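Peer 1: Residue numbers (this note's numbering), protein chains in the order written: chain A, 2 to 226; chain B, 2 to 226.
Note that these hints are calculated values from the structure, not bench results.
Just so you know, these numbers come straight off a predicted model, no measurement behind them.
Among the clues, some could well be false.
Stated by the list, open to error - One side only, chain A facing chain B, incomplete, derived with CB under 8 Å:
no.	residue
1	G47
2	V74
3	G96
4	G97
5	C99
6	L115
7	G116
8	I130
9	K154
10	K157
11	P159
12	D182
Quick reminder that beta carbons are idealized off the backbone N, C-alpha and C, glycines included.
Number of protein chains: 2
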Amino acid sequence: MIQSEKKARIPVVQRILSANDQAAEENRRILEEHGIVAFNLMASPGAGKTTLIMATIEALKARQRIGVVEGDVASQVDADRIATTGAPVVQINTGGACHLDAPTVNGAFDELPLGELDMVFVENVGNLICPVSFDLGQTYRVALLSVPEGDDKPYKYPAIFEAVDVVVITKADLLGPLDFDLDAFLELMEGVNPTAPVFALSAETGEGMEDWLAWVEERVLPLEG
Amino acid sequence: MIQSEKKARIPVVQRILSANDQAAEENRRILEEHGIVAFNLMASPGAGKTTLIMATIEALKARQRIGVVEGDVASQVDADRIATTGAPVVQINTGGACHLDAPTVNGAFDELPLGELDMVFVENVGNLICPVSFDLGQTYRVALLSVPEGDDKPYKYPAIFEAVDVVVITKADLLGPLDFDLDAFLELMEGVNPTAPVFALSAETGEGMEDWLAWVEERVLPLEG
C-alpha cells in the first residue's frame, strides 16, 4: 500500500446568498452608485403608508428629489395617488405574494430615473408579517403602525418591530378618541428594539410630522464635492 | 416476436389532496360528527376580530355554547381576553407563519370540549393575504375589514373578499369621523363577491350587531330529534 502525500483539506466556509439576498446586494450597489437613500416602508393594510409618503414628498420636494416604488397584491390605486405629487413612481403588483422581494424591486429601479433622485420610498405590500423576511437592499427599514390597530402589536408581531430602524405611529390624531396607550407601546418597543426612534404623527393633520421629516432628511447622503 | 395479450390501461385520475387539505377534510368530519358550525375569521392586525368574537359570545352565550381557537404569530393576549367570557379557548402560536393551517387547527380541536359546543370561532392570524389560501375545514369563512383601513381594500386584496361567505365592516362607529365610503365599498363587493352579505357594525358600541348575530345563529345546525 502506497501512502500518498497528504494535502491538508482546508474547509472553505462562505455564506451562500439566496437569490433574494443576491438581488438585495445588487440593489444596495445601485443605490450607492447613485447616492440614493432608500426607505422600505412596512405596515398592515390601511395603516397610511401611501398617505405618509405623499405628505413627506410634499414637505420635502423643494429640497429633495424623491422616487417611489409601490407594492400591492393588485391594482395601481396607490401609484395613481403618488403620481399626483409629481414624483416618479413605479407600481409593482405581486399577484398574490404577501411581500415585495429584491429581484422585483430591482426591476422597478430600472424604471426610475435614478440619476436624478436623492431618495426612494419603497411601499411594501400591506402586511405586518411577511415583508420583514425579505431584504430589498434598502438603506433603512421603517415600520408603520396606525393608532386604530392597537398598542399591543409589538407583542403579537415581534419580528417586524425588532428588525426596523424606525417606527412611525400613524393616525396620531386618533390617539385621543381611540384607546391606544402610547406609553405602553413605547415600553414594549423598549423591550424588542430599544434603539429605534418612534415618531407619532398624523400625515393628514400634519401634527408630529416635523420630527419624522428631520429624521428622513438626516438620512440623505451628503452631496459629494 | 410473441404478441402478448394487451390489457387496456385505464388511467385513474384522482385529486391528490395536499397535507393541509387532508387535515381540512378531517376537521370538517370532526365538526359534522359533533354538529358544530365553525367560522374562520380573517382580517388585518387590529381589525377587531377578538372584540367581535367576545361581543358575539356575550350576546349569544345564554343560547349557544361557543368555543374559540385563537391564532397569533406570538403571545396569548387574545386568548386571555377571550377567556374572560368564560368560553373555552385554545391559543395557537404560529411562530412566524402568516396564517393558520388545518393540521394545527386539528390539534387545537383536540383541546376543546367539542361534545359540549354548538359553534367554534377560529381567529386567524392578523393578515389580509395569506390565510385565505389555507382551508381549515371551517363551515364559513368571514372577512373583517375595519373602517380605518379604508374602503378600497377589495380592490387591493381581492382574493380574500372573493372567497368569503360574509364580510363584516368593523369599527362602524368611526364611519362618521373617518373617510370611508360605504357605498363605494359595497359597489366593489358587488364586483368581486355579489352573494356575500355585508354587515357594518361596532362591537364596542353595539350598533349593527343584531344583523350579524342573526346571521350567525341562522348558521347553527338545528338540534337533532
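Peer 1: Hint by hint, note whether the structure agrees.
Peer 2: Taking the hints in turn, this is what the structure says about them:
The criterion of a C-beta within 8 Å of any C-beta in chain B is met by G47/A, whose closest approach is roughly 3 Å, and the hint holds. At a threshold of 8 Å, the smallest CB-CB gap from V74/A to chain B is about 6 Å, leaving the interface hint in force. Interface hint at G96/A: violated, since its Cβ lies 10 Å from the closest Cβ of chain B, which is beyond the 8 Å cut-off. Nearest Cβ of chain B to the Cβ of G97/A: about 7 Å, under the 8 Å cut. The hint holds.
The beta carbon of C99/A comes within 4 Å of a beta carbon in chain B, closer than 8 Å, and the hint placing it at the interface holds. Because the closest C-beta pair between L115/A and chain B is about 27 Å apart, greater than 8 Å, the hint is violated. About 31 Å separates the beta-carbon of G116/A from the nearest beta-carbon of chain B, more than 8 Å, and the hint is not met. The beta carbon of I130/A is positioned within 8 Å of a beta carbon in chain B (closest approach about 4 Å), and the interface hint is therefore held.
About 6 Å separates the beta-carbon of K154/A from the nearest beta-carbon of chain B, less than 8 Å, and the hint is met. The interface hint given for K157/A holds, since its Cβ lies 5 Å from the closest Cβ of chain B, which is under the 8 Å cut-off. Satisfaction of the interface hint for P159/A is found here, the shortest Cβ-Cβ separation to chain B being roughly 6 Å, below the 8 Å cut-off. A distance limit of 8 Å between C-beta atoms decides the matter here; for D182/A the minimum to chain B is near 13 Å, and the interface restraint is violated.
Checked against the numbered hints given earlier, the structure breaks hints 3, 6, 7 and 12 and satisfies all the rest.
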